[in-house]
Structure formats: structure tokens, C-alpha cells
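Participant: What follows is the residue order along each chain.
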Amino acid sequence: MAPLSKKLSGGALLLALAFAAATAGAGSRSEPEGKPELREPLPFDHEAHGEVFAKVRLGCVDCHPIGLSVKVDGVAQPQVEELPKPLSVCHGCHRGMVKGAPRKAPGTCMLCHAVREELIPPSHAVDWLTEHDDEARAGIANCRDCHEPSSCVSCHERRGPGARTPHPPAWLNFHGIEARLDPFRCSTCHAGESCAECHASGEGPW
Amino acid sequence: MSSAILTALLMSGAFAQDGTTEPPPPGGAHAVEMRDAAQADRLQVFAWAESGVDAAPSVEGTTELRAIELVGVNVPINNTWDVEAHGAVRMTGAGNGPDKLDVYRLSAAYKGADWTVSFGRLIRYDSRGIQRIDGAIFDLDRGGSVSTVGWIGRVWHVETWDVGNTWVGGFQVALRPGNAGRYGSRTRGTLGWEGRAGEAFTHRFIASLASYGLDGRFGTTHFEIEPLVGEPVKWRAGVKGTLPVSRHTDAGVDVRWEGLPPLAVQNAVRSPMDWLAPQGYGVASAFTRFHHGDLSFGAEAGPTWYPHREGLAQAGGLGRAHVGLELHRDLGVSLYATAGAIGGSWLGGGGVALEGKVRESELSLNSGLYRFQGLDGMSAPVWESRAAYESPLWEARSRHDHLDLSVDAAMGTTRMLIPWVRGGLTVRGVVDRRRRGGQ
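Line by line, the protein sequences are chains A and B.
Numbered according to this note's numbering, the first sequence spans residues 77 to 282.
Numbered according to this note's numbering, the second sequence spans residues 1168 to 1606.
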């Protein structure tokens, strides 16, 4: 047992090193250029927010950092800058990101955001259909923030007519080779009966 | 076919009330959304229904007519309760009644201030994959850097449904260092344990770590071990990393050892893993993706290794590549190639794929020619083509409610040069009256 334990701990160390190398500096690069475009004018109702802002202790300067540095015709003018932290200020309640967020705050993205496509995360590239499992399993993503409840069922559980297939082209002929190259992945959705249905029946040309 | 048309007509009738009898509010679609958002206390519901039919080749070599009627509903109540039910009946053969009843979800969840409990027919996923249980999940998340989830239930599977009694129960503690909160941290680690009782009792220790950067770099690793008294230790582990190596190029590796039975199937069921790799195997791949302007390129390749196998192939490999070109904003074409081999069996070839969009309708086609050699050493050219078309039949101004049509077909030849054809049609309707969501 001891040599095996050594092998395991060695393997774990290698994995940890490989992981550290792969993710070193994660998040240290600059954020993507530009921010999602908001609707103009922003549909914000000050009156409707008064009571709840008082409750969660948000004040005017949390959205409007007012300074007196700008002068027009020699008179100091209030300078209203860009919203400083919309992610924490707005999303705190409307996406349920803070503890004690009011439960009635609507979370519909397109209430404030102008362009739906700008909200698609950079990870959702062309190969996302086959790659999304990593992020979902890592527990970092929250799929249901955007996707309707039927999204998972349509691919992961549904069988029969109209079922979406995650399999690449040439699957009918290629599946036997790919199954022997990585059988664990088959087992996510299929039981051995799937194989036996055709291969053990003795009726097909397989 | 008639059931699909009937469903379409019924749904059109049901939806017509939303779009025609209600006076349009001032301000167009945005005003509708504002009005919906303001009506915070009204009943929220997401409902969908599908009716589909297709003709598919059967094992006996004949063509089989299949149909499905599917319904699903999700009702969030005051952001506290969340009730969900999705299921379908399937029919095989013309004029026959339902021969399969599938229940995908039948669950309710209660959300407290810092915790959520879900019970019923559920699905859960963690670093190891998907697990489907009839039972309960308890999630404690106080918005800080530590959260906990526990689960207990009976395993069900989407193909075998209820075979034997396999019970699982476990917990996992998640740590999010740095900025606390679900959305604040870009790194998440977990430690957990799961017991599994069926024909015999087994238990596993679980660990995982994942981290991502906003520029697209992503790394994840997992480790799972099953100690059994008097038997060799079984384990599985993996590491996968993606790194942006330039402004237009990503590259990465994926290395795994798979030495444990999958958690998705019941103990009494033999899985593809049990059939093909009972003593485990290693698999690795390297991949790269390039995208610049209208041009894209992707490739992946790697080996598989069965160190404990005797009598069967111990090694094999797989490779895929594609080059894509966007001819127009709504039209793209790509060439792809595929090759794989294990033992004396191999397949190699390639084809062309086309994706287009006209207004809200989408069309995709792919067709390829390959050479395939089976385990018996006989090789032959094989051909396979697929086509899919999706088009909205009706859409509410709010875009929340819609009725869509999708048609798909596939055809080709087997290694015995036997032609096959599959084709179908599905009508899908959605009524979405939720406050939350990305719509």
C-alpha cells in the first residue's frame, strides 16, 4: 500500500503544479475593453428606490460621486461622473448578490442593458456546447442566471425525436472508437444498455 | 405528424390572447418589460411544451416512426419557493399509444435567507459530473467565502430509470478565497465526501479547484478516491487548463486518469466504463483555438492509454481540426477533419459544414466522407450528412413567449454500405412570465 500512496501523493503534487502553472496570474490581466451599453435614458425610478436605499444604506454618492472641481463661467458645477460600481450597487439587489437583497427587485437583464449580445460571457465561444461542463462543474458559473429551466433538460435528459445531440459529425460510424478511447464520458448520459441495444442483439450488422 | 400540427394550432390559439386581445402599452417592448417588472407580486411562470415526430432506422433495419409529447413548468413563488416539473411521453410505431413515460424533474425548492433546500426528482452537478437523485439537497451559502452543500437520495438514470436501489449521501465544503461571494471570487476549491449504498457500501473523498480570468484563461482540477478494505485503491483525477497565448489564440491541455465507476448510473447497472475500462485508463489531449476577423481555426489531439489491459488494445488516439470562414455576417462555412484509432479499428476523413441565418431562421448543414475500418479488419468508405432548420412561427413583442418550428434530417451509409435516413419535425412553445432571467 505504501508505494501506491507514494504514487498517489506524487500524482497529486504533479496535478497541483500543473494546475498552478495553468492558472498562475488568473485574473491579473486587464479586464475586457468597454462596458456593456446601458439603455438611454436608464429606466431608474428614484422615488421607487428611496425606501429600500435607506434600508440597505445606499446614499446619493454611491451612484453619483459629486465633486466641485469643474467650473463653468467661473462657477463651480457639480460633476457627475460615470457610475462607479454598478455591478455592486445595482446587481447587489437585482441579481441577488448581497445578503438581505429585497426579494421584489426585478432581475431582468434587458431592463437596463441595451445589447443582449454584450452580456454573453467571453467563455461562451463556438465550442461552448462541448466545453460548458467544465465551468458548470467548477461551480463558478450560474447557468440559470440567463438560461431557461428547460435548457438542461433538452440536452441532458430528453430522448427521442427532436433531442439535441452533442455528438460531432460522423458519430454513427465513429462512436465505437470514441467510446473505447474515453468510456467515462459516455457514462455521463448512457448506461451499458445503450451499447447492448444494438451490439448485443445479434440483429444488426454490427 | 398530426399531433405536432395540433399542438401548434392549440398553442397558437393560447398565445394569441397575449398578442392580440391586450391593448399595446405605450413605449413598445421596453414598456412591456417595465410593466412586467413593476408587477412584482403577480404569478410568475415559465412553461414549455414540445410535440415532435420523426422516422428513424431501427436495429432490425426497418424504419420506425417515433413521437414525443413533452411539457415542463417552472413556478417561482415570491422568490422563496421554486417548483419545477418536466416530463414526456414517447410513442413508437404509428397508431400506438405511449410506451414510455419520462419524468425528468418533479421538485420543489425553498430558499431561506442563507440556505436553500430542494427535494423531489433532482439533478445536481459538482466537479465530478452530473448526478440525478430522488431525494434532497441542502445548500448553505451565507455569501461569504465558505459555503456547504449536502445531499441524500436514490439514484435515477435517464436511460435505466429505476433499476435496483442505489442510495447516495454526501457533503461538500466550498472555499472561495479572495473576494467573497458567489460572483466576487474567481477561484473556488472544494472538499467533500460521499457514501454510496447499493449492492455494497462504498465511499469516496472528493477535492477540486477551479480558477478563471476575465481574459479567458481557465483552469480546473479534481481528485476523487475510493478506499476499499482489502482491495486496491481506485481513484480518478484530472487537470485542464486553457490559456490565451495571444490576442487571437487560446491553447490548453486536458489530462485525466479515470479509475472509478461513474456516479451517474446505479450500482446494479453496467456502464460503458464497466464494459470497456473496469481497471481504468488515462486520456490526454492538447487543443488550440484561433479566431481573427472572419477566420477561425481549431485543433485537438491526444492519446488514450490502458496500462492494465491484457488481450485488448492498450493505446489509441484521437484528433480533430477545423478551419472556418465567415463569408457574410449571417453565413459561415468550415472544413473539418477527424481521425481516431484504437487497436485495429480506425476512422479518418473530413467534410464541410455550413451555418446560415435569415432573419430569425437558422440553418445548419454538414456532410463528410470518411474511411472506417472495424475490429474485423475490413474497411470501407462511409458517408454522413446532417441538416437542421429552426424558425420562429410566432413571437410576442416582449420576446418572452414564442412558438418555434425545427426540422432536422440525417443520412449516410454504414461500413456495410447500408444506407440509412433519419428525419423529424418538432414544434416548441414557450410562455415565460418570470421576473428573473436574461431575456
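Please keep in mind that the hints were generated in silico from the structure rather than gathered at the bench.
Take these hints with a grain of salt, some might be off.
[To be verified] Here are some, though not all, of the chain B residues that point toward chain A, as calculated from beta-carbon distances under 10 Å: (1) K1267; (2) P1470; (3) R1496; (4) E1551; (5) T1580; (6) W1587.
Every residue gets a Cβ at the ideal spot worked out from N, C-alpha and C, and that includes glycine.
Participant: Would you mind marking each hint as holding or not holding in the structure?
Facilitator: Here is what the structure says about each hint:
1. Checking K1267(B) against chain A: minimum C-beta separation of about 8 Å stays under 10 Å; hint holds.
2. At a threshold of 10 Å, the smallest CB-CB gap from P1470(B) to chain A is about 9 Å, leaving the interface hint in force.
3. At about 12 Å, the closest approach between the beta carbon of R1496(B) and any beta carbon in chain A exceeds 10 Å, and the interface hint on this residue is violated.
4. Among the interface hints, the one on E1551(B) holds; its C-beta lies about 5 Å from the nearest C-beta in chain A, closer than the 10 Å criterion.
5. Taking 10 Å as the C-beta cut-off, the interface hint given for T1580(B) holds, the closest approach to chain A being about 9 Å.
6. Restraint check, W1587(B) versus chain A: the minimum CB separation of about 8 Å is within 10 Å; hint holds.
The earlier numbered hint that this structure contradicts is number 3, and it is the only one.
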